[in-house]
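Asker: Based on the provided sequences and hints, a complete structural model is requested.
Number of protein chains: 2
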Amino acid sequence: MAAKMRIRKRKIDVNQLADRILAKDRVALSQAITLVESTLKSDNLIARQLLEKIMPHTGKSLRIGITGVPGVGKSTFIESFGETLINKGKRIAILAIDPSSQRTRGSILGDKTRMETLANNDQAYVRPSAAGSALGGLHARTRETMLLCEAAGFDVVMIETVGVGQSEVAVSQLVDFFLLLMLAGAGDELQGIKRGIMEMCDGMVITKADSGNEDRAKMAKNQYQNALHMFPASEKGWLPKVITASSYNKTGMTETWEMICEFVEEMRTSGWFNHNRQSQNKHWMHEWIIQELKSQFYTHPIVAQQMETLEEEVMTDKRLPIMAAMELLEQYHQEIQLADDPKT
Amino acid sequence: MAAKMRIRKRKIDVNQLADRILAKDRVALSQAITLVESTLKSDNLIARQLLEKIMPHTGKSLRIGITGVPGVGKSTFIESFGETLINKGKRIAILAIDPSSQRTRGSILGDKTRMETLANNDQAYVRPSAAGSALGGLHARTRETMLLCEAAGFDVVMIETVGVGQSEVAVSQLVDFFLLLMLAGAGDELQGIKRGIMEMCDGMVITKADSGNEDRAKMAKNQYQNALHMFPASEKGWLPKVITASSYNKTGMTETWEMICEFVEEMRTSGWFNHNRQSQNKHWMHEWIIQELKSQFYTHPIVAQQMETLEEEVMTDKRLPIMAAMELLEQYHQEIQLADDPKT
Numbered sequence: 001m002a003a004k005m006r007i008r009k010r011k012i013d014v015n016q017l018a019d020r021i022l023a024k025d026r027v028a029l030s031q032a033i034t035l036v037e038s039t040l041k042s043d044n045l046i047a048r049q050l051l052e053k054i055m056p057h058t059g060k061s062l063r064i065g066i067t068g069v070p071g072v073g074k075s076t077f078i079e080s081f082g083e084t085l086i087n088k089g090k091r092i093a094i095l096a097i098d099p100s101s102q103r104t105r106g107s108i109l110g111d112k113t114r115m116e117t118l119a120n121n122d123q124a125y126v127r128p129s130a131a132g133s134a135l136g137g138l139h140a141r142t143r144e145t146m147l148l149c150e151a152a153g154f155d156v157v158m159i160e161t162v163g164v165g166q167s168e169v170a171v172s173q174l175v176d177f178f179l180l181l182m183l184a185g186a187g188d189e190l191q192g193i194k195r196g197i198m199e200m201c202d203g204m205v206i207t208k209a210d211s212g213n214e215d216r217a218k219m220a221k222n223q224y225q226n227a228l229h230m231f232p233a234s235e236k237g238w239l240p241k242v243i244t245a246s247s248y249n250k251t252g253m254t255e256t257w258e259m260i261c262e263f264v265e266e267m268r269t270s271g272w273f274n275h276n277r278q279s280q281n282k283h284w285m286h287e288w289i290i291q292e293l294k295s296q297f298y299t300h301p302i303v304a305q306q307m308e309t310l311e312e313e314v315m316t317d318k319r320l321p322i323m324a325a326m327e328l329l330e331q332y333h334q335e336i337q338l339a340d341d342p343k344t
Numbered sequence: 001m002a003a004k005m006r007i008r009k010r011k012i013d014v015n016q017l018a019d020r021i022l023a024k025d026r027v028a029l030s031q032a033i034t035l036v037e038s039t040l041k042s043d044n045l046i047a048r049q050l051l052e053k054i055m056p057h058t059g060k061s062l063r064i065g066i067t068g069v070p071g072v073g074k075s076t077f078i079e080s081f082g083e084t085l086i087n088k089g090k091r092i093a094i095l096a097i098d099p100s101s102q103r104t105r106g107s108i109l110g111d112k113t114r115m116e117t118l119a120n121n122d123q124a125y126v127r128p129s130a131a132g133s134a135l136g137g138l139h140a141r142t143r144e145t146m147l148l149c150e151a152a153g154f155d156v157v158m159i160e161t162v163g164v165g166q167s168e169v170a171v172s173q174l175v176d177f178f179l180l181l182m183l184a185g186a187g188d189e190l191q192g193i194k195r196g197i198m199e200m201c202d203g204m205v206i207t208k209a210d211s212g213n214e215d216r217a218k219m220a221k222n223q224y225q226n227a228l229h230m231f232p233a234s235e236k237g238w239l240p241k242v243i244t245a246s247s248y249n250k251t252g253m254t255e256t257w258e259m260i261c262e263f264v265e266e267m268r269t270s271g272w273f274n275h276n277r278q279s280q281n282k283h284w285m286h287e288w289i290i291q292e293l294k295s296q297f298y299t300h301p302i303v304a305q306q307m308e309t310l311e312e313e314v315m316t317d318k319r320l321p322i323m324a325a326m327e328l329l330e331q332y333h334q335e336i337q338l339a340d341d342p343k344t
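Chains as they are written, first to last, in full-length UniProt numbering: chain A, 1 to 344; chain F, 1 to 344.
Repeated chains share a single entry, so a pair holds when one copy, or any two copies, can fit it.
Calculated lysine to any residue pairs in the SDA-like style (CA-CA distance at most 25 Å, straight line): (1) LYS90 x ASN274; (2) LYS282 x GLN305; (3) LYS282 x GLN306; (4) LYS11 x MET326; (5) LYS294 x LEU338; (6) LYS53 x GLU311; (7) LYS60 x ASN121; (8) LYS318 x ASN274; (9) LYS221 x GLU266.
Derived by calculation from the structure, the hints in this document are not laboratory data.
This structure is a prediction, so every number in the text was calculated from the model and none was measured.
Answerer: Structural data, given as structure tokens:
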């Protein structure tokens, strides 16, 4: 909080901030993320300069997306898996996206004690961000936050989301490897609702394979592995593997890492690894365009000024939504033309 | 298909088409939906004129959204439920959204024999539409199609989607009552992944309560009813009800209809019914704005012309996605200004 206050009050030296990030200064990293997440226009300009500066130093981390329904044990898995990676000499960053319930607007994660072990480890950096309504349930700056972590030299960046459907599509556009955590459930093995997410994942971990649950976990593993076989072959030519794990007994962690390494090696050899990152870059350019088009429109005075009246007319059935939209867009275009006209 | 060809080839008389729709002419309705779904610019203008014409005659139907995972028996339920409504003297329209698998691009529904009984009934109108990528898995014109059905005098419009998460949010913005179909599953009663959808629904039907499955269905009913009790009270002040039904034995159909009628009566009394429709109108105005902002941008020559080069630069890490986006947006604004400038 102190850092956040300070960053707003004095002029930020972008070069210095970039240098400190590259020197693996965690305070600088946190400041930079706050800056990048800021919605202030003045901050946005500095954030862009900073991102341009650190750009040559990004792209070297392995990007892993981790998802699963609430209760599957994501946090404990990430703690256990993270420790395994740290023991293998890796520095890891964890970006936890905290979605809000659509209706209650309450936080689903929110628990302050999450990932205590990792949060106190020098080799780990844990950053929770509230999910926005845009970008499919990610924070609007998750990608830029990831780039900052890469510049700060983390070997692995994990992005954690709650498995509520839409955010998975967005996360799959951010990461190299998409890991789905599953419970050894009874009867839910082949539910249609998960098919889309199962189709996206590169690997699956059956969690809580301990305390007498081992057999069920093994059975679930076989069922899911069979199910994954039934999907049409993915264009990357990789058949997702299923692993059973226990965060409590710390089993399955090395296997998970080996699976990911095997994936990365195969994908690098086939060229898919780079191909995927390239398509992702393209995807995010378009995401940015859409976000900016919206933001420019809605913050324009002529739009802001008329919005209330138009909404009122639409709400009271005086006008069709489509007609109101078209009219406002026409006025908006006339206005930017007048405002930007160098002759006036 | 013949109707579609004809509509493209001769000039459409909007007044005549509107009159025919209001006279409950099904061929005219189908032509109008094809027109409204068309992506041709010339069709769009006529479609808007047509919508303006029929607007005063819309809003009188009861709008019901129906969702559930594949395998829950949506089509058979809608057939059985639809027949019940027809026997009560209602004319019903069914808009079935056919989503495509994110990866395989294959159709999930696709089965041509769906809803044969209703499709051949004079009092029912069945219209499948392919889901687009925009508007959260709905067809971009589902709302306008619904308005056309209302103008054609249907008492009930049902919008059917597959329960894959994102489309439910969009559907809940379209309808008065949101019905969730559930299987009497084993163990999946309180899965987190469905919580968001459960929070949205106004009623739930446990399907396939027949052939010895009655007890499981009843048990599931109790479990879901308890689960719904645990959610925070909805702002509409309605506690969703759970009903068991069999499309095969045609049980639970009248109960479902009575539940919906009770809901509508309560919501009309409390004022929430109108309040909801008003917010929905507002929501769709904004959806239209976003769709149009995107469409205008991407179809502009300066954007179309440079897109390939920029995508290439972004893909090969010569430029950050955010920077490419900003630059293109700046050029776009300069161009519209030049093109629209009345002095040039």
